[in-house]
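Participant: Let chain R serve as the given structure and place chain X on it in line with the hints.
Going down the list, the sequences are from chains R and X.
Numbering of the first sequence is given in numbering that gives the first Met the number 0, commencing with residue 0 and proceeding in unit increments.
Numbering of the second sequence is given in numbering that gives the first Met the number 0, commencing with residue 0 and proceeding in unit increments.
Incorrect hints may appear among the rest.
Same chains, same label: a pair holds when it works inside one copy or across any pair of copies.
Claimed, not checked - With a Cα cut of at most 16 Å, we get these calculated EDC-like pairs of lysine to aspartate or glutamate:
(1) Lys264 <-> Asp123
(2) Lys264 <-> Glu275
(3) Lys264 <-> Glu118
(4) Lys264 <-> Glu280
(5) Lys264 <-> Asp28
(6) Lys264 <-> Glu402
(7) Lys264 <-> Asp228
(8) Lys264 <-> Asp91
It should be emphasised that the hints constitute simulated quantities derived from the structure, not laboratory data.
Number of protein chains: 2
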Amino acid sequence: MHRTQTRSVSVEAHRESVRRLLAPLRTPDRIERLPLLAALGQGLAADVVAPVDLPPFANSQMDGFAIRSVDVAGGGTELRVVAPIPAGAAPDNLAPGTAAPIMTGAMMPPGADAVVPIEQAVPDSFPYPGELATVTLPSAPTGNFVRAAGSDIRAGEPALAVGTFLGPGQLGLLAALGLTEVAVYRALRILLVTTGDEVVEPGSPLGPGKIYDSNATLLESSMRQAGLDVTRTGISTDRPEELAGLLRRHAPDADLIVTTGGVSKGAYEVVRQAMESQDVEFLGVAMQPGGPQGIGTFDGVPVLGFPGNPVSCLISFEMFLRPVLGELFGSPAPRPAVRARLAEALTSPRGKHQVRRGTLEPNGTVRLEGGAGSHLVSALAHSNALIHVPEGIAALAEGAEVEVWML
Amino acid sequence: MHRTQTRSVSVEAHRESVRRLLAPLRTPDRIERLPLLAALGQGLAADVVAPVDLPPFANSQMDGFAIRSVDVAGGGTELRVVAPIPAGAAPDNLAPGTAAPIMTGAMMPPGADAVVPIEQAVPDSFPYPGELATVTLPSAPTGNFVRAAGSDIRAGEPALAVGTFLGPGQLGLLAALGLTEVAVYRALRILLVTTGDEVVEPGSPLGPGKIYDSNATLLESSMRQAGLDVTRTGISTDRPEELAGLLRRHAPDADLIVTTGGVSKGAYEVVRQAMESQDVEFLGVAMQPGGPQGIGTFDGVPVLGFPGNPVSCLISFEMFLRPVLGELFGSPAPRPAVRARLAEALTSPRGKHQVRRGTLEPNGTVRLEGGAGSHLVSALAHSNALIHVPEGIAALAEGAEVEVWML
Chain R
0 MHRTQTRSVS
10 VEAHRESVRR
20 LLAPLRTPDR
30 IERLPLLAAL
40 GQGLAADVVA
50 PVDLPPFANS
60 QMDGFAIRSV
70 DVAGGGTELR
80 VVAPIPAGAA
90 PDNLAPGTAA
100 PIMTGAMMPP
110 GADAVVPIEQ
120 AVPDSFPYPG
130 ELATVTLPSA
140 PTGNFVRAAG
150 SDIRAGEPAL
160 AVGTFLGPGQ
170 LGLLAALGLT
180 EVAVYRALRI
190 LLVTTGDEVV
200 EPGSPLGPGK
210 IYDSNATLLE
220 SSMRQAGLDV
230 TRTGISTDRP
240 EELAGLLRRH
250 APDADLIVTT
260 GGVSKGAYEV
270 VRQAMESQDV
280 EFLGVAMQPG
290 GPQGIGTFDG
300 VPVLGFPGNP
310 VSCLISFEMF
320 LRPVLGELFG
330 SPAPRPAVRA
340 RLAEALTSPR
350 GKHQVRRGTL
360 EPNGTVRLEG
370 GAGSHLVSAL
380 AHSNALIHVP
390 EGIAALAEGA
400 EVEVWML
Chain X
0 MHRTQTRSVS
10 VEAHRESVRR
20 LLAPLRTPDR
30 IERLPLLAAL
40 GQGLAADVVA
50 PVDLPPFANS
60 QMDGFAIRSV
70 DVAGGGTELR
80 VVAPIPAGAA
90 PDNLAPGTAA
100 PIMTGAMMPP
110 GADAVVPIEQ
120 AVPDSFPYPG
130 ELATVTLPSA
140 PTGNFVRAAG
150 SDIRAGEPAL
160 AVGTFLGPGQ
170 LGLLAALGLT
180 EVAVYRALRI
190 LLVTTGDEVV
200 EPGSPLGPGK
210 IYDSNATLLE
220 SSMRQAGLDV
230 TRTGISTDRP
240 EELAGLLRRH
250 APDADLIVTT
260 GGVSKGAYEV
270 VRQAMESQDV
280 EFLGVAMQPG
290 GPQGIGTFDG
300 VPVLGFPGNP
310 VSCLISFEMF
320 LRPVLGELFG
330 SPAPRPAVRA
340 RLAEALTSPR
350 GKHQVRRGTL
360 EPNGTVRLEG
370 GAGSHLVSAL
380 AHSNALIHVP
390 EGIAALAEGA
400 EVEVWML
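Only chain R is shown next, with the shape it has when bound in the complex (with noise of 0.2 Å):
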């Protein structure tokens, strides 16, 4: 019963090697055109460009008189009142010497270039429409109060890049542009494998030495939140050739295979047996939680082999999967990455980077949940925030600086 030895690596040249595996299922076949609400959450696959400016055309920024500039150039000029301009109107030319009751929204009619409040006119009210009425108003200078034609954006100008995250905002100004339809990747298809003889479904009476698997929940709902087309296959037992044969079953219809569990340095460890007249590397990873890692492709399908523990694979997707699919699709969006302040002092192996969960406070500060155990899944539902500790760090004090993600 000999221990492997395997090759280690940090963080980021990992990190590299998954997108490298990746990279390759960006072809334009994976591209389609859905309706905006159906993009939700996915990720842009193409640039667009603003076919029309925004605003369209200048319009009031306030309820008030559109008038010219220099017809109030003294201050305290009367005006006589003309038709009032609602909101979606073409009005007509303003004649010099007049002033249009204008809606906020309201198009600037032609020959205005400014809008007096209607809070600084006096009388500070509209007369109705076809009563003869005069309005007085102080000066204002031209493009008072207005919205320029394209000041948001202007016609042909770039809109939103390729690998942009498709969320409220960014559909609402696909929206306001007047498109209907917008180029996405189609959803990875994800085959996912949890392995285990100690593992037993949720449900299920639990013998000894048995866990729940909660590593199919928490990697699944992970990938479904991140747009990820899941199958699962059920729990593999530690049979090699049980788990080898379900791969192979299941391998043509996924875009990648992701498997938890088997694949450290010990005496039993199925996904390794399974894999190894494939082609996937089993190395060490400069982290912890989720140090152990397997990366190749089996009968040609990319494979992730994650650790077994779920922190371990919960952190194995947030550090690897998600921020590369985020970098190659578009999708996921990244974390929010922010700075705090630890709420109090921490312990790390110096050789490696580590991922401690926390939450973080409104007053800036993070505190830790649980200790650095990769089993801890009690304490990783009650927190909100990774705590990042680089390689090279071996303690830091309360007080001291460092990078949350928020989760």
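Facilitator: Just chain X, lined up with the frame of chain R:
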């Protein structure tokens, strides 16, 4: 054409009004039990108590040898190697003077109270099962590299509280506890009505004075992300009787009506006019943008009237509806609130809570995207954060610390 006088309230007071409006929707008949993965992104509707210990049994944190610590008290002790313990097995009692090869996660044999990692053993590899062998081990205290039963959470302890947002970590914990279903609040049914004679559907021709409707896309996608069940009626014109008819038709199937536009103090305010005989108040919230708001009931169904500019709509959703839903129903998750330093100075109307759009940089500074204008939807699409400038502040210098919400 008079302008209506309205009450002015603070952001906090209006949020409290929204809470009072929606709290009656949190009724027991909204609670349903769903399989874990179907509950992703929803809010927990009942406390969950751990039915089992986690871990369920004492297990090894390392690949190594399970021992009785008294047997190695002197250090450099030679012990007879017995049958190995793979993960998932129910091990026999460990006889005094023996060491059992044990894999990470495997159950500690009765009698053993510590693990010596394989790296510290001489020799530092496991003998083949059945081979007669001894191993020399250093001393190890009781509990060394042992994960005690219940050290993550004990049976009977609260696991997750009612109102918890169910993301991957929370669902992973429920799976680890052996649960297959969870009680959540059924999604609210939202009737979303955008209004305005100036607004046309994306994809249609754009006449003079017209703009494309981005509010519907911004809000529907925000609401879908928040787990809500959205019905759109299409755009209503500015004829009050058309809007009132449309609301009367659809209200019976909605838990909440959300309108956009027509809530201000101007002359053509369709939502105000359509709701004249209903119990709806139109008021000014001391907030920029998003000040004009409507709140009440239409034919007994709760109504929120958001203003008509796209940025105002989104900010109304983020400031009022989103946090109140999270508080009442546990979903959506709160926006991560972080502290950041302004990359540039800004000014703000002293009497209002200003919400600017910006980009939080990895170095912890936040820069503004576009000006304060509520029509700047391209600037919004390039932002990842909302920047809060509380009421009472008229200017902030470069480098000032602000609260930002990550979008």
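Participant: All the hints need checking, so say for each whether the structure fits it.
Facilitator: Status of the hints after comparison with the structure:
no. : hint              : result
1   : Lys264 <-> Asp123 : between (81 Å within a copy, 12 Å between copies)
2   : Lys264 <-> Glu275 : within (14 Å within a copy, 73 Å between copies)
3   : Lys264 <-> Glu118 : between (76 Å within a copy, 11 Å between copies)
4   : Lys264 <-> Glu280 : within (12 Å within a copy, 68 Å between copies)
5   : Lys264 <-> Asp28  : neither (39 Å within a copy, 52 Å between copies)
6   : Lys264 <-> Glu402 : neither (31 Å within a copy, 46 Å between copies)
7   : Lys264 <-> Asp228 : neither (31 Å within a copy, 48 Å between copies)
8   : Lys264 <-> Asp91  : neither (80 Å within a copy, 24 Å between copies)
The structure fails hints 5, 6, 7, 8 (numbered hints given earlier, in ascending order).
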